[in-house]
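Engineer: Residue numbers (our numbering), protein chains in the order written: chain A, 1 to 157; chain B, 1 to 306.
Please keep in mind that the hints were generated in silico from the structure rather than gathered at the bench.
A hint or two may mislead.
Listing some non-contacts, in silico: residues in chain A with all C-beta distances to chain B over 12 Å [as the list claims (entries may be wrong)]:
(1) L25
(2) L28
(3) L65
(4) E68
Under the rule of at most 16 Å between Cα atoms (straight-line distance), these lysine to aspartate or glutamate pairs were calculated in the EDC-like manner [said to hold, decoys possible]:
(5) A:K144 x B:D196
(6) A:K144 x B:E199
(7) B:K258 x B:D216
So the derived label-pair ranges between C-beta atoms look like this [to be verified]:
(8) B:E11 x A:L128: 12 to 20 Å
(9) A:K93 x B:P235: 40 to 48 Å
(10) A:R64 x B:R55: 38 to 46 Å
(11) B:V44 x A:G22: 54 to 62 Å
(12) A:I91 x B:Y164: 54 to 62 Å
Glycine included, each C-beta is placed from N, C-alpha and C at the ideal position.
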Amino acid sequence: MGKELRVSKIGNGTVVDHITAGRALYVLKILGITGREGRIVAIVMNVESRKIGKKDIVKVEGLRLRKEQVDKIALIAPHSTINIIEQFEVIEKYRVKVPKVLEGLIKCINPSCITNQPREPIKPVFTLYNENPLIFKCKYCGAKVEQEEIIRQLIGE
Amino acid sequence: MEGPDIISITEISKDELKNLFNDTKKIKEELRHERALNYLEGYVMATAFFEPSTRTKLSFQVAMLKMGGSFIDLPPYEASSRAKGENFADTIRMLDSYADVIVIRHRLEGAARFAAEIAESPVINGGDGTRDHPTQAMIDLYTIFEEKTKLEGLSVGVLGDLKYGRAAKSFTLGISKFEPRIIYLISPPQLAPLDDLKEELDKMNTDYEEVSDLRDVIGELEVLYVTRIQKERFPDPLEYERVKGSYRVDLDLLSEAKDDLMILHPLPRVDELSLEVDNTHYAKYFTQASNGVPVRMALLKRVLKG
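Bound-form chain A, shown alone:
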């Protein structure tokens, strides 16, 4: 096989490329793919990338991503690109964008934050504080949440 691409093209679906090396399984988890859905899924991990050194790739037949899923992918792998495939052709390609505001996606890490009170009609809201390294700040208490914690919460580990 040498340097050839190890996985064949998909007909219709989505390719998530330039995923931070080692995080392809997180992307699958965000997409809710367990392998039991019957779709064709291809995962490539730790391959050379001219852009980001090493990368992962996930290809899923017959799947279109929802906005919330794209946002989550941006949080765990900010360099990812999304390719939408129809009839074996890329009909749309874009880079994910880290959202400026996270509403209700993750919980605040500060136990004294009002958003952690049970029985209050309040959603945790975070605003982007720093892109690299990725840090968000709680709108209510100012606590900072780093990428590792965001991944932990999104993946549920």
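Starting from the known structure of chain A, fit chain B onto it as the hints suggest.
Structural biologist: Chain B only, in chain A's frame:
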């Protein structure tokens, strides 16, 4: 001010503060001739203090009465619907329907901001969590403005609990708006400021230095802001006894102070500020405490009438 709510000193501009201080000055002048004013006749303020307070709550209530308005006060926990399980949001909604302005104090961080989102009436933060106490900072700054006739370019020391103390943090962020020459952050290592405060100071291009012994800088200061060194924050009482000397303001220490030093303290005080300092010309903390009413009068007027 940015919208009618007063949540954090960081959201209030230097110009807005200066306008507030000019209003306060006028109100103080008027109070020399009148026992009470009538700017807020017919207005009702609700005080909702979910955490103990003496000065803040009473001075807000007196401020409202002296402006010709009236107030209602959320009863203590046992006597209110909260004991029946009412949540915070519903309590705020109820107060919002009765009052024109709500003053809130809460143990939880962000409670005031959340209340402001729920209520249509303006919300004033009377202290929440460990960071924000904007009206205390206004009083502190006004007292400096009154005594020194300026706020810019001062050498300032902030002494005490810089980790959990919301008064010290709000004051530090407030005075930073006036380009101080330097701020010395003076605290025992256990109560040293967290990165958050320092990052905000960096963002404002404020010159600051962390210091562990007040003696090293006392001779430079024009303003010394003293706060309580909370004994309960020390896991080992012996450790507290060991460090407390470096954070005690007394006559011996003040022998090295500049003549124009002024000492502030949001009160209540314990051991960190010796009683013998009260009779010196440095002590401005009782003036500061008495400014609580006129500053809050001016603030209520601005919030309710613009």
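Engineer: Does each hint hold? Answer for all of them.
Structural biologist: Status of the hints after comparison with the structure:
1. L25: Nearest chain B Cβ is 33 Å from A:L25, so the label holds.
2. L28: Consistent with the label, A:L28 stays out of reach of chain B, its closest Cβ about 35 Å off (over 12 Å).
3. L65: At roughly 31 Å from the nearest Cβ of chain B, A:L65 sits farther out than 12 Å, so the non-interface label holds.
4. E68: holds, 23 Å
5. A:K144 x B:D196: holds, 9 Å
6. A:K144 x B:E199: holds, 12 Å
7. B:K258 x B:D216: Within the cut-off at roughly 13 Å; holds.
8. B:E11 x A:L128: 12 to 20 Å: holds, 19 Å
9. A:K93 x B:P235: 40 to 48 Å: violated, 57 Å
10. A:R64 x B:R55: 38 to 46 Å: With a Cβ separation near 60 Å, A:R64 and B:R55 fall outside 38 to 46 Å, so the hint is violated.
11. B:V44 x A:G22: 54 to 62 Å: holds, 60 Å
12. A:I91 x B:Y164: 54 to 62 Å: Holds: the Cβ-Cβ distance is about 56 Å, inside 54 to 62 Å.
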